[in-house]
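Now that you have both chains on their own, put them together as the hints suggest.
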Amino acid sequence: MRKNFLAAITAALMAVFITWLPAPAESVSWTAIRGARIVPVNGPVIEKGTVLIRNGVIAAVGPQVDVPASAWVIDGNGLTVYPGLIDALSTWGLPQAAQAPAQTAGRGAQQPPQLPQQQQPQQPQAQQPQARSRGPQDRPGTFTWVKAADQVQPSDSRLASARNAGFTSAVTFPRQGIVAGHGAIINLGGKTAGEMVVLPEAGLYLALRPSGYTGFPSTPMGIMAYFRQLWLDADHYRQALALYAADPVNIPRPAHDRALEGLMGVKRVLLPAPDPIQMERMVKLAADLKTPAVLYGVVRGYEMAERLRATGTPVILNVRWPAREPGADPEQEESYRELRIRDLAPTSPAALSAAGVKWAVSSDGLETPRAVLRALKQSIDRGLRREDALRALTLSAAEIYGVADRLGSIQPGKAANLVVATGDLFDDSTRVRMVFIDGVRYLPEPELPQPPAGASGRGPSSERGEDQ
Amino acid sequence: MRAPVLALTLFAGAACAADVVVIQNGTVHTVTKGTFRGSIVIRDGKIADVGEKVLTPPGARVVDATGKHIIPGIIDAHTHIALDSINESSVSVSSMVNVAEMLNPESVSIYRAMAGGVTVCNSMHGSANSIGGQNVVFKLRWGADARGLIFDRAKPSLKMALGENPKRQGSPQGLQIPGLQSPQNLRYPGTRMGVEDVIRDAFTRARAYQREWKDYEARRARGEKALPPRRDLQLEPLVEVLEGKRLIHAHCYRADEILMLLRVFDDFNIRGVTLQHALEAYKVAREIAERGHAVSTFSDWWSYKVEAYDAIPYNAAILHRKGVLVSLNSDDAGGAELMRRLNAEAAKVMKYGGLSEDEALAMITINPAKQLQIDPWVGSIEPGKDADLVIYDRHPLSVYAKVEKVFIDGRQYFDRDEDMSRRPKIEAEKEGLRRKLQDQQKQAMPQNRRPS
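Residue numbers (this note's numbering), protein chains in the order written: chain C, 1 to 468; chain R, 1001 to 1452.
Bound-form chain R, shown alone (with noise of 0.2 Å):
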C-alpha cells in the first residue's frame, strides 16, 4: 500500500516542478531591490528570477500583468481573526495558552483578508493580561486545514498587555458578572505598577524555574537519583523568552509605560520585542532606537480609548526616522475590514510623514517580517523567496486600487474575476438547498406531531 502511495507524492512533486509561472510585464514593487517594469518567474512556490529582461521558461503559464502592479504579499504584524478563542482572560499570566491551537481555517475572514492582498499575518492572543497566551503566524492558505496554514518557520512569540486592558479587571468596583453575588475584585492587577509588578514577578519565577531544571540536569548528569521538577506549563514560554527563543509582542500605548517595560526588558535581559499599538512611542523614540526594540502601530487611529488621546499620525515616520522598525498593522478580529486596506493604511504614512514610497510598502510588508523574523523567506520580492505576490489593478498605494491576482507559495489562491463568476453559481446552490430542506421539514412535520 504503502509504494503507490510514495509514487504518487512523487509524480505530484514532480508536477509541481514543471508547474511555472511567469508575471509578465507589470510594474514590479520590489520593496528592497527598487521599482522597475519587469517580470517575475515563479518554480516551486519560490521566486526564481525577477527583473526587467527574465528568461520565459517552455510551458511555463504566463500572467499579463502590463498596466498592473505587483507587491510582495502584505503582511500583518498584529492581527486576531480566525481563532475560535482568543483571550483567556481569567488569569493574570495566561503563558500557558496558545492560540494555534485554536486555529480555524473555515474562518471566512482568511479568505477576506487574502483578497485584500494580506499573505502572511500574526494572530495574537488578546490582551485581557500582562502576560498573555502564545501567537501564531500563518499563512493565509484558504482552504488548508489548520497545520497546513500555520508557518512552522516563524519564531514562536509571547503576547504581553499594559494599562487599561491587563488591569481593568482588576478595578476595586470590579466587572459585574451575572450570577456572582456581588461584585468583586476578580484578578490582580489593578493598576498600572500592579502590571509590572506580575510582569517582573513572572519573569522571576520564570529564572528560578530555569534554575531548578538546571540544578536537576546537573544532579542527574552527576548519576544522582533524582525527581525532576514539575513541569509548568505557564512558565516554559517565559524561559524560552528568557533563552531568546521566544519572541515578545507587547501591547502598550502610553510613554511612560513603554518606558517602565523597556527597564524590565533591560533587567531580565530581553531583547528583540515588539511594541504594538505604541501610539505614543514617538516620545520615546530615542529610548526604543537604543535597545534595538521595534514598533508595529496604526497609520492614524486615536481617540478611540483614554490612553489613544496623545496619538499623532506622525508616529510611524518620527519612530522611523530615528531608526526603530516600524510595521502598520489592523488588530482586526472579527471581519478583516482594514486588513484588506493595508496598502491604503501605508499610503498614509507619506501623507503624513513624507515617507518615499517604498518606504511605505515596507511598513507592511519587509518591516514586518523583521519583526517576526520571518525575513529570509518573505517580504520582499528576491530569488529565492517564497513567491507571496499580490497583483493590483493600479499602483498600491492608491485608495483606488484593488487586488487582482494573490499568490502564497506560488499558488494562486485569489482572483477577483473567478470570485465574481463564481457567485451566482454559489447563490443558486444555496437556494436549491434552502427549498430541499424546506420540503424535508414539512414533510416531516405531521410524524413529529405524534406521539411517541
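Isolated chain C (complex conformation) (with noise of 0.2 Å):
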C-alpha cells in the first residue's frame, strides 16, 4: 500500500516537473518601455532607455537593450520610469476596521478564541466584550497569532488609490491591541490575496497605547514592563520546548500558549517614538527584549538624526507635518515648543539623510497616498535632495524590511513593479501615466470629484482612459 502510494506521488511529481521544466517559449511575455528616461534609484540616471520586462521580472535596463520581436512595446518618449513606491508601514489591502482597545486576548487555549476587531468589522464596538486584564498573565492586547498576511484583500478601495499615486507596494500591519501582529509586504496588484504578497513576515508592531483605567496596563511604563515580560515568558517556553522535546518521558509537556509562539523568530519589532526621549526608551526596550527594532511616527528626527545614527536604528517618519488643528481654539496660544516642532518637523528628511540615517516613510494619518509625495515636496523645499526623497520611498524600505533582492529599485532579476510618470514625481504638474506590479500594467482610474473647470489642470481626468 505505502509503496504504490509513494510510486504514485513520484509519479505525479515527474508529470509536474516534466510540464513545468522546458517551459514553452510562447508562454514568455515580455513587455518593454522604450525610450523613456528611467531612475533606477541604485544606479545613475539614464536619460533615454529601456527597460524589458519578462513575466513580471525586470530583465534588462539600460540606454541600448535588444527586445524580443514579440514583445509589447510602450512609447516611453517623454516619460520617466521609476521603481513602484513602497508605503514602509500602512493598512492598505486590510480590512479597515476601528482600533480596538488594548483588552485582554486570552492566553493561549485557555480562554475561548476571541477574534479580533478586524476579522469582526460588521458588529459594532460597544458589543465587544471588555475584558479587563488583571495582569501579564493574561497576555492583554496581545494578537501574535495575528497575520496580515491572512488577512489581504485585493478588493480594497485604497489600492487603487494608492496606485494612483505611484505606489506598487506596501508593508501592511495589523493594528488592534498593543502587540498588534504580523505584518507582510504585499504588492498593490494582483487577482487573489495569495499574489499580492510578497514576503508574510515583515516584523511585529507594537503600540503604547494605555488601557486607561480599565485594566494592565494602564500606563506606557505598565506597557513597556509587560513587553519584557512577554519576551521573558517567551524564552521561558521556547526553553520548556526543548527540554521536552529532548525527554517527552521524564519532562512535562509544556501548555500550547498560542501568543508565545506567536513571538518565536521574530525578526523586528516596530516600536513608535516621535521623540527623542521616546527613542532612547524604545532602543533600550529592543535591546533588551534582544530583537532589532523599527522606529516609527518619527515626528522630530531634525533632532534625532546623530543619536540614531549612533544606534543604527532604521526609521519611518510620520510625514503628516505637525500643523495646528483645525478646529483649535485662536485664543489658546501654542507654545514656543510647539511653534518649533511645527517648523522644523519638515527637515526631518533632509536631517536623517544628510546624518546617514536609514529612513522610510508612511501613509499614516495622511488622506490620501498622493498626499505621501507633496509632503515630501515640502521636504525638498527644505533642503532635502530629491534622490534621497525618492530612495526613502524605494530602496530604503525594501532594506529596512530584508527584501531589496526583491524590490525598490530598477535592476534586473528585481519584482518589475515601476512607475510611470510625466515628469518628476515630486513636481505638482507630474501625473502617474501607468504602474506596473509584478509586470502587470494598472492605468489610473479616475479620482472623484473632479476639479472645477478652469481649475490648474491637476487630477489625473485628462489622461483617463487612454488605453481603455
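Accuracy of the hints is not assured; some may be wrong.
To be verified - Derived lysine-lysine pairs resembling DSS-like cross-links, with alpha carbons at most 27 Å apart:
1. C:Lys-290 with R:Lys-1225
2. C:Lys-290 with C:Lys-267
3. R:Lys-1370 with R:Lys-1322
4. C:Lys-377 with R:Lys-1436
5. C:Lys-284 with R:Lys-1155
6. R:Lys-1305 with R:Lys-1283
7. R:Lys-1442 with C:Lys-377
8. R:Lys-1245 with R:Lys-1214
9. R:Lys-1430 with C:Lys-377
10. R:Lys-1053 with R:Lys-1033
11. C:Lys-284 with R:Lys-1245
If you are wondering where the hints come from, they were derived from the structure by calculation, not from laboratory data.
Spelled out as C-alpha cells, the structure:
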C-alpha cells in the first residue's frame, strides 16, 4: 500500500516537473518601455533607455537593450520610469476597522478564541466584550497569532488610489491592541490575496496604547514592563519546549500558548518613537528584548539624526507634518516648543539623510496616498535632495525590511514594479501614466470629485481612459 | 575613526580638569561641619577644598559670593516630577513597572525645581497600589537626556502605599469608568486589612520565588538538567527588598497603619524603610526610632484628606528629637511649586519645633541624602563630595531668599541674571515663528480647498 502510494507521488511529481521545466517559449511574456528617462535609484539616471520585463521580472535595463520581437513595446518618449513606491508602514490591503482597545486577548488555549476586531467588522464596537486584564499573565492586548498576510484583501478600494499615486507595494500591519500582530510586505495589485503577498513576515507591530483604567497595563510604563515579561515568557516557553523535545518521557509537556508561539522567530519589532525621549526608551527596550527594532511615527527626526545614526536604528517617518488643529481655539497660544516642532518637522528627512540614517516613509495619518509625495515636496523645499526622497520611498524601505533583493530599484532580477510618470514625481504637475506590478500594467483610475472647470488642470482627468 | 574620537574625549577631560571654580567669600552652610564665612574650591565637579581660607588655584574662575549664602543642593526625597506616567493603578502590586523608563528630560519642572535650589530628587511611582512601582533618583542636570539625568549611585527603591489611596479603587461602589456597564469592584483590596493582606501575600510569594531560584541553582550546581523557574518581573524587585538590595518608600498617614506596616516589616526582616507623609508618625515615634526606619514628611500640611486630620506641625521636630531620621519633601507632581520653596519649608521646623538652623537645613539636604543612601556623595559641603551647590542672595531660611546660582557636579546650570536676560530673546523668537507659520498656513489655504 505504502509502496504504491510513494510510486504514485513520484509519478505525479515527475509529471509536474516535466510539464513545468521546459517552459514553452510561447508562454514567455515580454514588455518593453522604450525611449524613457529611467531613474533606477541604485544607479545613475539613464536619460533615454529601455526597461525590459520578462514574466513580471525586470530582465534588462539600459540605454541599449535588445527587445525580443514578441515583446509588447510601450513608447516611453517624454516619460520617466521609477521603481514602484513603497509605503513602509501601512494598513493598505487590510480590512479597515476601528482600532480595538488594549483589551485582554486571552492566553493560549485557556480562553475561548476571541477574534480580533478586524475580523469582525460588522459588529459594533460597543458589543465587544470588555475583558479586563488583571496582569501580564492574561496576555493583555496581545495578538501575536494575527498575520496581515492572512487578512489581505485585493478588493480594498484604497489600493487603486495608492497605485494612482505611484505606490506598488506596502508593508501592511494589523493594528489592534498593544502587540498587534505580524506585518506583511504586499504588492498593491494581483487578483488574489495570495498573489499580493511578497513576504508574509515583515515584523511585529507594537503600540504604546494604554488601556486607561480598564485593566493592566494602564500606562506606557506598564506596557513596557509587560513587553519585557512577554519576551521573558517566550524565552522560558522556548526552553521548556526544547527540554520536552529532548526528553518527552520525563519532562512534562508545556501547555500550548498561542501568544508565545507567535513570538518565535520575530525578525524585528516596530516601536513608536515620535521624539528623542521616546527614541531613547525604545532603543533600550529593543536591546532588552534582544530583537532588532524599526522606529515608527518619528516626528522630531531633525534633532534625533545623530543619535539615530549612533544606534544604527532605521526609522519610518511620520510625514503628516504637525499643524495647528483646524478646530483649535484661536485664543489658545501655542508654546515656543510646539511652534518650533511645527516649523522644523519637515526638515527631518534632510537631517536624517545628511546623518546617514536609514529612513522610509509611512502614509499613516495622511488622507490620500498622493499626500505622501506632497509632504515630501515640502521637505524638498526645505533642503531634502530629490534622490534621497525617492530612495526613502523605494530602496530604503526595501532595505529596512530585508527585501532589497526583490524590490526598490530598477535592476535585472527584481520584481517589475514600476511607475511611469510624465515628469519628476515630486512636481505638482506630474501625472502618473501607469504603474506596473509584477509586470502587470495598471492605468490610473479617475479620482473623484472632478476639479471644477477652469481649475489649474490638476487631477488625472486629462489622461484617463487612454487604453481603456 | 575611533582614534580621533578618543583623542577628543581625552582633550575634553583635560579641559575639564583645568576648569576650576572658586566660590569666594560667602557664608558657607556646610550643614554637617558648621557655618562660616569662607570659600569653596570646585575641581573636576567635586568639592576640592572648603574653609575660611583656601588657596585659589591660578586660572580658576572666581565667583564672588560676598554677602551671599551657600548651601549644599537641596534634595527632595519625594516628588513625581518629570515623569510621563506615574501610576500603574490597574493592579494591586505593580512592582514590575519602573518610572525611570518614563523620565522626561524635557519637563520644564526640572528647570523650575533646579532654579529653586533642588539638585537631586527622588521621583516616585504613585500611591494607587499597596505595592507600587520602582522609583528613580536623578540629578536636575537640565539639558541632559534621561540616561544623563539618572543618579546611578543611588540605591534602587520601591514605592508602597497604605490607606485610602490603594484601597479606594476596591470600594464596594467601585469607580465609575466610562464605557463600563455597571460599577464593579475593580480591584482588591477594598479595606485597610486588605492592604495588609496584599503586602503580606506579595512578600510571601517573593520568598517562595526566591526559594524556587535557589533550589534551581542548587540543582544546576549538582549537574542536574532542569528548567529554570519562569522569571517574574513583579516578584524580582520584592526579592531585592528581602535581600536588602532595594529600599522602600511607603506612603502612609495614620498611626495604626504605620504600626501595622512596622510589624509586617519585622516579620519579613525588612529594614531601612522611609515612611512617606507619615503625618501621625509622632504618635508612634518611639516604635519607628527603635527599628531605625526614617520619615519624610511635610512641614505643616494637613486636613487635605480624611487621613490628614490629626496632623500637627510639630511632627518633624518630635520625630527628630526621638532619634528618627527626618526629611521634608514636596510631593510635587506637575508644577514643582513647593519644590522651589523647600528652604522655606525647612524654616518652618524652626518656628514650630524650635530646631536649630543646621537641623532645619539638614532636613532638606543631608537627611534625605541618607534616606536615599546617597550621602557619601551629596547632602553637605565637604571635600570629596559632588559640587552640588546653591548660592542664595540672603539667608536661605528667610522667605525672602532667592536662588542666584546653582551648580551640579561643579557645572553651573542656573544663573538668575542670565535667565532674566534670555527671556526677551526667546519671546522674540517665538513671535517670529508664530508669524512665519501663520503666513505659511495662509499660503497653503487655497491648495487645501482643492479636491485631491
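### Query
Is Lys-1430 of chain R close enough to Lys-377 of chain C, meaning Cα to Cα at most 27 Å?
Holds, at about 26 Å.
### Query
Within 27 Å, alpha carbon to alpha carbon, are Lys-284 of chain C and Lys-1245 of chain R?
With Cα atoms ~23 Å apart, Lys-284 of chain C and Lys-1245 of chain R stay inside 27 Å; holds.
### Hint consistency between Lys-377 of chain C and Lys-1436 of chain R [alpha-carbon to alpha-carbon, up to 27 Å]
holds (19 Å)
### Query
Straight-line Cα separation of Lys-1305 of chain R and Lys-1283 of chain R no greater than 27 Å?
Given that 27 Å is the threshold and the Cα spacing comes to 19 Å, the pair holds.
### Message
Just to be careful, I want the Cα atoms of Lys-284 of chain C and Lys-1155 of chain R compared with a cutoff of 27 Å; is the pair within it?
### Response
Answer holds: Lys-284 of chain C to Lys-1155 of chain R is near 21 Å, not above 27 Å.
### Task
Quickly compare the C-alpha distance for Lys-1370 of chain R and Lys-1322 of chain R to 27 Å and report which way the hint goes.
Roughly 17 Å separates the two Cα atoms, so the pair holds.
### Hint consistency between Lys-290 of chain C and Lys-1225 of chain R [alpha-carbon to alpha-carbon, up to 27 Å]
holds (25 Å)
### Query
Is Lys-290 of chain C within 27 Å of Lys-267 of chain C, Cα to Cα?
holds (10 Å)
### Query
Straight-line Cα separation of Lys-1053 of chain R and Lys-1033 of chain R no greater than 27 Å?
Cα-Cα ~15 Å, so holds.
### Query
Is the straight-line distance between the alpha-carbon of Lys-1245 of chain R and that of Lys-1214 of chain R 27 Å or less?
holds (17 Å)
### Holds or violated: Lys-1442 of chain R to Lys-377 of chain C, with C-alpha atoms at most 27 Å apart
Holds - the C-alpha atoms of Lys-377 of chain C and Lys-1442 of chain R are around 18 Å apart, at most 27 Å.
Violation of the numbered hints given earlier is absent; every hint is satisfied by the structure.
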